[in-house]
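Q: My request is simple: use the sequences and hints to build the entire structure.
For the protein sequence lines, the chains are A and B, in the order given.
Just so it is clear: in the first sequence, position 285 is 285 by the numbering used here, and no numbers are missing.
Just so it is clear: in the second sequence, position 422 is 422 by the numbering used here, and no numbers are missing.
No wet-lab data here; the hints were simulated from the structure.
Glycine residues also receive a C-beta, built at the ideal position from the N, C-alpha and C atoms.
The reader is advised that the hints may include incorrect statements.
One side only, chain A facing chain B, incomplete, derived with CB under 8 Å [unchecked claim]:
#	residue
1	Thr-44
2	Tyr-87
3	Gln-127
4	Gly-148
5	Lys-283
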Amino acid sequence: MANSGAPVQPPPPSPPKFKPYRHLKTLTGHSRAVSCVKFSNDGTLLASASLDKTLIIWSSSSLSQLHRLVGHSDGVSDLAWSSDSQYICSASDDRTLRIWSARPPFDCLKTLKGHAHAVFCVNFNPQSELIASGSFDETIRVWETKTGRCLNVIKAHSMPLTSVHFNRDGSLIVSGSHDGSCKIWDTQNGTLLKTLIDDKVPAVSFAKFSPNGKFILVATLNNTLKLWNYSTGKFLKIYLGHQNSSYCIMSTFSVTNGKYIVSGSEDHCVCIWDLQGKNMLQKLEGHKDTVICVTCHPTENKIASASLDNDRTVRVWVQER
Amino acid sequence: MNAPIIDPLQGDFPEVIEEYLEHGIMKCIAFNRRGTLLAAGCADGTCIIWDFETRGIAKELQDKDCNAAITSVCWSKYGHRILVSASDKSLILWDVLSGEKIARTTLEQTVLQARLHPGSSTPSLCLACPFSSAPMIVDIISGTTTVLPVLISEAGNGIAPNARSKTPDGSTTYSPSTACFNKFGDLVYTGNSKGEILIIDHGKVQVRALVPVSSGSIIRNIVFSRNGQYLLTNTNDRMIRIYENLLPMKDAHKVLDELHETLDEADEVEKLKAAGTKCLSLVQEFQDSINRIQWKAPCFSGDGEWVISGSASRGEHKIYIWDRAGHLVKILEGPKEALMDLAWHPVHPLIVSVSLTGLVYIWAKDYTENWSAFAPDFKELEENEEYVEREDEFDLMPETEKVKESDVNEDDPVDILNVEKDSAFSDSDMSQEELCFLPAIPCPEVPEQQEKCVGSSSKLPDGNQSESPLSVEAGQNGHAANNASSPLEAMENSVAGETEGTRLKRRRRPSEKGLELQAEKTKKPSKTMKPSGRLSKTSKSAAEPESSNGVNGDYASDDYS
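A: Pasting the structure below:
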């Protein structure tokens with residue numbers, strides 16, 4: 001009975017078995033808490049930003065320090081790479097953003113002024129001719145990369161913004177804020193297209209589009225990560241098990257070898273979940289303070305994580321062979 | 001118009017001027033295939049490429065030898081090249097990315113309209129319609145020209161116009177003809193002064209079909225829609241006619257050859273007319289029967305659903321919008337300046353029009369607040385609905401609210417990587433990469449000019465204080481050009497800075513509620529900084545908010561660089 005003549009559908013290919021990550025190297029160089037770390041889009045460079053007012057560019061293959069970008073007069077909260085990996089934009093508590101060249105001589109090319117309070121988050125659009133920045137002054141500003149002109153000021157929220165991100169074609173911006181809402185804006189004219197979440201608590205600490213722009217990963221300060229389908233307005237997946245109730249921890253998608261969600265946690269670990277199954281696969285330990293930011297290499301199975309004041313290091317993790 | 005005006009709320013077309021672009025005196029415009037870049041030819045011979053997303057200048061193409069006004073611009077299919085025709089009888093082919101001139105030829109007459117062959121991504125052939133002679137195919141690299149037949153004499157085949165009628169003083173008396181390629185460039189459709197459309201196979205330089213349009217009135221414009229399915233003609237009898245293209249998109253010339261085999265009319269002209277009936281069929285005619293307006297620069301919308309045309313009367317800037325069925329849906333009226341050129345954005349409902357003064361106006365839809373965007377579960381109702389409450393709505397513990405089930409299956413696999421193809425560009429064979437954007441290279445700041453600009457920019461209340469004092473010109477030619485003309489540019493930019501702030505940027509009409517909320521927000525006292533935030537700012541936060549109002553004043557003297 002089992003072997004009838006009828007053809008049987010082959011089972012769908014099972015996702016690659018998860019191989020645990022292990023610690024590769026610890027990068028020291030900052031004298032205060034590291035606030036953000038990001039791989040460049042071509043994977044050759046790694047940049048880190050810190051409260052010590054500087055940014056450091058590392059080679060992602062040799063993990064050696066290449067240059068330190070000095071210029072801000074206050075701590076740096078966020079950084080973003082342009083799509084061609086040529087420029088870095090940093091957001092600082094001194095209310096400005098700076099565009100740096102990521103190639104020697106590593107000049108500061110532009111200083112974007114206009115925000116009335118600390119700038120907390122920044123991102124390039126995929127074509128990299130626009131920069132969106134979110135600030136404690138509750139607005140999103142869209143800047144033209146080439147001239148530094150501020151094209152648009154969007155009065156986005158009623159409390160400080162925690163993250164801004166463009167979608168895949170740059171037509172939408174998603175913003176999250178301490179006022180508990182996550183909103184989607186039209187880039188071209190700054191109109192509000194949708195409000196994804198609108199509960200007063202908990203605060204939305206991070207929001208980011210998926211690589212195909214259909215879903216939004218939202219972190220809220222009640223130890224929860226959710227994956228929303230923003231067109232239907234419903235969340236599809238929920239990821240629990242980490243700690244996140246005070247800091248704006250950045251999470252990301254890992255797609256190089258199977259699909260995972262990676263996030264830092266206030267219990268000093270890096271947490272990795274299976275995207276579909278929602279179960280936590282691994283907790284990477286080693287940091288001595290809250291892991292505030294994680295980033296995945298675009299092609300290799302490498303994760304870099306950054307941690308706060310008691311630790312001040314960037315740690316790089318790779319997958320077992 | 002006899003037909004009633006359609007309710008404009010239903011249409012997907014622009015309504016008001018959203019913004020204007022200013023740089024010198026622009027004469028003619030063309031969008032690239034996706035509408036991300038707009039090329040504009042100016043009166044001083046430069047061709048400016050605007051980045052439509054940022055509404056800033058992405059590149060300037062200037063030939064040192066050419067100072068004559070540009071008469072037309074045309075993009076190649078994937079946006080890598082631009083063909084520019086100038087009033088000094090020259091045609092110049094530019095490479096967009098590098099800003100380098102590829103080739104230049106000079107013809108005998110100024111070309112009014114030049115179109116690059118749409119079939120290839122690096123075309124060297126173009127169709128040129130000179131000021132007062134027959135259209136010709138020009139190979140820009142080699143400079144050879146092939147004149148196309150434009151008149152068919154009664155007694156025979158299409159004679160190439162060597163038989164020009166010469167007047168006693170030797171000048172030719174050709175009336176202008178206009179022409180365009182079909183979608184893939186294998187056929188050329190020309191409209192001549194006798195009111196006929198000739199379909200010409202430009203490879204063989206032979207007329208293959210003839211379609212009479214109107215007896216005796218000159219055809220002034222002939223334009224295809226983007227998808228190649230519809231053709232419009234603008235004739236001197238003040239009518240715009242829409243034809244449907246019956247030929248297939250690809251290899252249409254082969255179909256015409258086959259058609260000729262089957263037809264056996266004795267007379268050549270009859271044969272061509274018979275072939276013509278199989279190529280185009282009249283769908284609709286538009287005219288303004290009251291004012292008898294002569295039309296100028298007609299074109300289709302990106303999806304071919306709408307037809308727009310400007311009024312050629314001097315002293316008014318009117319754009320008429322019809323749907324393809326013939327109903328006039330809107331008349332857009334701009335400032336009292338004559339209209340020079342018109343273009344509809346390939347994808348969005350935007351119209352760009354050039355006025356006589358050289359400004360480019362961008363028309364867009366008028367946006368009103370989208371109420372349903374303010375909260376996740378808001379839904380906009382078309383009209384008042386009677387609300388019927390549930391049985392247990394006002395119970396203290398309603399049954400239905402106890403269990404909030406998510407009606408989404410959480411175990412379904414979620415696809416975060418795959419992207420749907422963009423249906424608006426279905427025919428794009430992605431073998432050739434398209435040039436959608438010019439790389440944005442931040443031009444480095446020049447510190448000494450900053451002082452000059454700071455004075456003017458601090459007047460702007462909501463801070464365009466990010467004003468980089470540098471020119472908005474191409475960053476590539478950055479240093480050399482900038483140093484030479486920097487004082488002039490600093491002045492220009494400080495003026496530009498002010499005009500930009502006060503630019504004719506239409507404000508969205510905020511709803512009353514929105515204004516109320518904003519008023520509340522600004523009154524909000526010092527933010528209780530939760531210790532979330534990567535920087536524990538609890539000590540600083542108390543001091544910061546108070547200075548938020550004085551910040552703008554600070555900037556004038558702050559020197560962060």
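Q: Next, verify each hint and record whether it holds.
A: We went through each hint and held it up to the structure:
{"no.": "1", "hint": "Thr-44", "in the structure": "violated (18 Å)"}
{"no.": "2", "hint": "Tyr-87", "in the structure": "holds (7 Å)"}
{"no.": "3", "hint": "Gln-127", "in the structure": "holds (4 Å)"}
{"no.": "4", "hint": "Gly-148", "in the structure": "holds (4 Å)"}
{"no.": "5", "hint": "Lys-283", "in the structure": "violated (21 Å)"}
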